[in-house]
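Asker: Start from the sequences, fold in the hints, and give me the full structure.
Protein chains in written order, with UniProt numbering: chain Z, 1 to 388; chain Y, 1 to 388; chain V, 1 to 388; chain S, 1 to 388.
Read the hints as simulated data drawn from the structure, not as lab findings.
There may be inaccurate statements among the hints.
Copies of the same chain look alike in the list, so a pair counts if it works inside one copy or between any two.
[Claimed, not checked] Here are the simulated lysine-lysine pairs, DSS-like style, with alpha carbons at most 25 Å apart:
1) 218 x 283
2) 40 x 218
3) 145 x 36
4) 36 x 14
5) 283 x 40
6) 4 x 239
Just so you know, these numbers come straight off a predicted model, no measurement behind them.
Protein chains: 4
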Amino acid sequence: MEPKEIRVGMVGYKFMGKAHSQAYRDVPMFFPDSPKPVMKAICGRDAEAVRQAARQFGWESALTDWRELVSRSDIDVIDINAPSNVHKEIAIEAARAGKHIFCEKPLALSLADSREMLREAEAAGVKHMVGFNYRFAPAVQLARKLVSEGRLGQIYHFRAWFLQDWILDPDFPLVWRLDKSVAGSGSHGDLGAHLIDLAHFLVGDMSEVIGMSETFVKERPMPSSMTGLSASGSSDGPKGPVTVDDATLFMTRFANGALGSFEATRFAAGHRCTNAFEINGSKGSVKFDFERMNELQVYFTGDDEDVQGFRRVLATDPAHAYMDAWWPAGHTIGYGQTFTHEVVELLQAIEANRQPIPNFHDGIKCQAVLEAVELSIDERRWVRIDEL
Amino acid sequence: MEPKEIRVGMVGYKFMGKAHSQAYRDVPMFFPDSPKPVMKAICGRDAEAVRQAARQFGWESALTDWRELVSRSDIDVIDINAPSNVHKEIAIEAARAGKHIFCEKPLALSLADSREMLREAEAAGVKHMVGFNYRFAPAVQLARKLVSEGRLGQIYHFRAWFLQDWILDPDFPLVWRLDKSVAGSGSHGDLGAHLIDLAHFLVGDMSEVIGMSETFVKERPMPSSMTGLSASGSSDGPKGPVTVDDATLFMTRFANGALGSFEATRFAAGHRCTNAFEINGSKGSVKFDFERMNELQVYFTGDDEDVQGFRRVLATDPAHAYMDAWWPAGHTIGYGQTFTHEVVELLQAIEANRQPIPNFHDGIKCQAVLEAVELSIDERRWVRIDEL
Amino acid sequence: MEPKEIRVGMVGYKFMGKAHSQAYRDVPMFFPDSPKPVMKAICGRDAEAVRQAARQFGWESALTDWRELVSRSDIDVIDINAPSNVHKEIAIEAARAGKHIFCEKPLALSLADSREMLREAEAAGVKHMVGFNYRFAPAVQLARKLVSEGRLGQIYHFRAWFLQDWILDPDFPLVWRLDKSVAGSGSHGDLGAHLIDLAHFLVGDMSEVIGMSETFVKERPMPSSMTGLSASGSSDGPKGPVTVDDATLFMTRFANGALGSFEATRFAAGHRCTNAFEINGSKGSVKFDFERMNELQVYFTGDDEDVQGFRRVLATDPAHAYMDAWWPAGHTIGYGQTFTHEVVELLQAIEANRQPIPNFHDGIKCQAVLEAVELSIDERRWVRIDEL
Amino acid sequence: MEPKEIRVGMVGYKFMGKAHSQAYRDVPMFFPDSPKPVMKAICGRDAEAVRQAARQFGWESALTDWRELVSRSDIDVIDINAPSNVHKEIAIEAARAGKHIFCEKPLALSLADSREMLREAEAAGVKHMVGFNYRFAPAVQLARKLVSEGRLGQIYHFRAWFLQDWILDPDFPLVWRLDKSVAGSGSHGDLGAHLIDLAHFLVGDMSEVIGMSETFVKERPMPSSMTGLSASGSSDGPKGPVTVDDATLFMTRFANGALGSFEATRFAAGHRCTNAFEINGSKGSVKFDFERMNELQVYFTGDDEDVQGFRRVLATDPAHAYMDAWWPAGHTIGYGQTFTHEVVELLQAIEANRQPIPNFHDGIKCQAVLEAVELSIDERRWVRIDEL
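Answerer: Now the structure itself:
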């Protein structure tokens, strides 16, 4: 019996568009029991570029008007990975058109907008998913499993940091990710959002937060071209103001009593993509660093006294989530494959008529923390999540 | 302008068949300037299984007779990843049919057979490639670049070990990889072959070798089923003799005066796939471990006195081979992607009318060392490579 | 010519007493050009125990009354490593008696007390030192050198955490370090104080802080015996309240604009003594972990594009501070040796008639941050250091 | 009750003399229950230098004639750490004088000489010890414990390498360690000897070996001064021939069926002192690297399926050998402390009237392997240990 087909239309075709496209392409081969995504149409503003992307990524058609895409009757899911400032409008139209929605994080530029998106999706009765792909690294899934099964005991600490260095050079140009009106925020919403979601996934809800942030380089050259995280510009040309944070830190108290600390920065020289966290519980600890995404460091207090130590678990065994789909034990996967797992969750949820996880509820929870942190920075005080 | 299409027929559909299939599927998306592989047909002995593989991996058609495949006029390249004992016959027929050949390692069960394959390929004027995929990890490419550019100086040492543990359990069944008549040898040909090729790639030719080997578990249960590196069998059922080495070690003297040591084993508990090497030269050193395949450790003697140390280079920057095809810096790739790079080399070589690298010459050089080591073990003496 | 002799009297004979004693014993052998410490007398409340310590550690005499010690005319330096609540009184008496003072951290239980200690020491014109031994790891000295010489550029981030797990078991007894009246605070003053001092040493002054803390286990069995960090007690016996913090976190803004985050906890399973920090600057970064105290990870943005990465510098070369006193390059030192370096600084400063570094000014600066953090926790607000 | 005193006379005062002196100084403080070594006299050829060493290291007297030392009635143990070519004569005289002997490795320049030393020691009924200090790292002791208790199961593999780089520069002068008549051999006897002893300690006897070696730099400047592993010389001055190996590799078959591989080199750029080994058994594996000497990596096949991985055990807990003598858990020791443990074994054995371990039997076993390897290199063949 052939697997069910689920037809996808996607808005966005750059970094995330590429990552999602790969995921759709991989599903039928590596997860043959999953519903099969059909890559119907891709949409973007630059007609030539989007046609080229369609050809390269394997989409059946290319459009420049997302409203047209959303209204097509041959599409089941709208995948939104355009810049953050257009998420809301597209998502709401998609919901109204009865499409399931797979939206990149952050859901929107504000908590209010995010909640509106959820309301519309719920009103329309569609499935909704938010793109927190790091959950889908098998090593992170293992961390979750250890917590859920109580193998780490009561959780005391969660500390996480997402460190990058791609804008360390003051002459790196003013790309859209550095423009508040498009990106919403800087490191905080881009990187911190992932950490917050991991915290929710692994530890649970937060009750209050306090943060601090900084923009180290206040002005940058206007960009002449950009794609993904790369861009070029001239240090002699005109400059514009950086309107987002270069770095944001915050502390939190979780509802279960654990303490959390978070740091997101694009000014950590030597860190290309250190998305790392550690959890300490009464029975054990885990450590993760995305630059070694196939590994989880695991410690148990119950190990024999003379051989206690963090175990470097290579999460590529059949016992690890998703790994029997790929290669024999010891053969690693990469960043791209986290999206494949994410898309499999989306497709299987649609087939099973349940909400995917993470969904808009998770996106909203993340957004609430992002905003609470921003408020705590503005007002220089602790902010309770339920204030918002 | 559309890229040129190159039509592929493949024999084999298990572990390597899956890896190659993914590679062909990925090329058009990630390497759009490369000729585009067209997945015409896949071939295997079990009609139902191969049909299923064709469907799952995306091949246009499925066959059970490789002779039929080889004789098809709509195919340009024959990709051979069936068990080692059938490589030779298929490759020779493919050459005679004027097909380019992409053959998994080891080329054949003997040096003589390998040489015959090369002769036939050369007589037919076709392109030939051998599947040493580990060369295509960007970190390994970086090691090669550092050596080639003289940045490590004169090479003194090469040490390499390929450690696995998948047959550590004495009840693991007698799969085909443990049967000399099918696999040719055990750890030596399976794992050691990769190390030897890396040594050739990174350091150069060897002049003499001496080895030792052992089969720790002499008998194993007959398998009831097997795929990839997994299998099942009953420890109570009938047993058969293991006819290959569980572990093989050897030392070598390279033509350039460097000393080499090699170890390949499937009895290294805790090592799922540690394919690791180190090179020491007069100006620096490098270290690689496939379990952390995105990293190369690099040391330079010329660094300032107070900050000398091995650098952990994450080979995911645009400066690293193949990486601008994938994701922004810091976003890793996995095992599967090494095959994508390998296939790109094949396709680009065919388009440019040059031999791919590595090709049958490299396969033969590897085979010569494999056999020299085996002879050195049998006769308990140093064997010069040019004796063979 | 014989080196000058400097006569020491020490109060305290447990964990720190042992560490200091070793240091004095090692100086003449490893730093023969330093003034030679003469271990005149050791003082503690338990006569038998202190006699035993004198014999074991090599002190000429043992006393039970520190006033007697301080008044002895044959002593030049008073070394104070008794519990924190007695530091002040002893230090002031020592100053009034004209003795130089070497006092363990934290200087006292309050900032006011610390300042009084400094005033008295300055009034008496004696030398004063505070025991921040981690500064004296050669790898930390290297970090300082890189910062001082501008090789890391402008500093953007400092993050530090001191993680231990020795009281993770709720049945671990209520030792003096868990009693506020004796210890002043818990993880904060014990572990956090070291991090704060390292921050001062490596980055500079802080302008404001905000913290949070928690006592996860509120009651513990009364101890039946204790020494160093070990103790025993019965989980069935009487319990008492834990009056200090198990964990304290805080964020800071440095005067130079850098952002800092700090975490000190005794509830991090698997961490016996992870005293770790990272500094990110505009030209490079460094990372340190005391569990691998001979190493500093160093990154430079100026490295060639294809070989950028954190260098694992083994700080055991002659180019590294203090190391030519010990062994050839590559031969590591341990925790104990940091105290030897510390004592060498003390002795050389006395000989050169200058204040040792770190001295009471540094102790006070640390104390001010400790208290500012506590105030910020009590009042749930940002506290400027100059408020205190 | 005072511990028994054992009076020591030592020949040699450079690198090893310093290491041993520290050990004797540390024993009374850190191992108060051990017999107390009394540092009676130190002996060397250069009167002024040895007097200086006596003063610095804390020896009661200094001599230039070792025969005088050996004949002194107030000495119980002769500690020999002069260059290897004088070990034999001194040891035999010491034995004849009824002194216990503590001799640095290698015991002598030949197996025959080593055996003669043992015969004399046995005839005299004295205790004899050989200086394989690396056994005494707590992490190595843990490895031994795991093997002895069967927790690693049947041993399949031992691989070891001792990598240094201190003579990588061709202008490094011709120090005594590069002169065969004084040192016996180069990397082989200096570094390889330690690996061989560890193999004996951890795995057991070897049955046969085959080796290879190389001297990469054949001539070097004559030295103008030297101490420890440092020296100076002029690259313009006269040169002399290097008469020892720069690197020696060998393979072995152990009596218990395990396979071994060994590599000792002084030409491994970036390795100051990488004395590392790995053991693979049927139930687990361990890995050690002296540059991180407080750590042992430990893997067990019996761990739960989803959390299998090498544990980084910090061997500083009370459960680890010797560690309760030092600091609380997590506080590391260094290279020097391995000698303290070694000397404790010597003193306790003398007190208990048993032979210390390792003793001359172990030294001879090591020497036999060293010579078997050399013979195997000369004759280019496998050599059985019992041939010698």
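Asker: Could you run down the list of hints and mark each one as holding or not?
Answerer: Going through the hints against the structure:
Taking the shortest alpha-carbon separations for residue 218 and residue 283, only the inter-copy value of 18 Å comes in at or below 25 Å, while the best intra-copy value is 45 Å. Taking the shortest Cα distances, residue 40 and residue 218 never come within 25 Å of each other, neither inside one copy (42 Å) nor across copies (55 Å). In this assembly of identical chains, the alpha carbons of residue 145 and residue 36 never lie at most 25 Å apart, being 27 Å within a copy and 42 Å across copies at closest. Taking the closest pair of Cα atoms, residue 36 and residue 14 come within 25 Å of each other both inside a single copy (23 Å) and across two copies (22 Å).
For the identical chains of this complex, residue 283 and residue 40 are neighbours neither inside a copy (49 Å) nor across copies (47 Å), given an alpha-carbon limit of 25 Å. For the identical chains of this complex, residue 4 and residue 239 are neighbours neither inside a copy (52 Å) nor across copies (44 Å), given an alpha-carbon limit of 25 Å.
Checked against the numbered hints given earlier, the structure breaks hints 2, 3, 5, 6 and satisfies all the rest.
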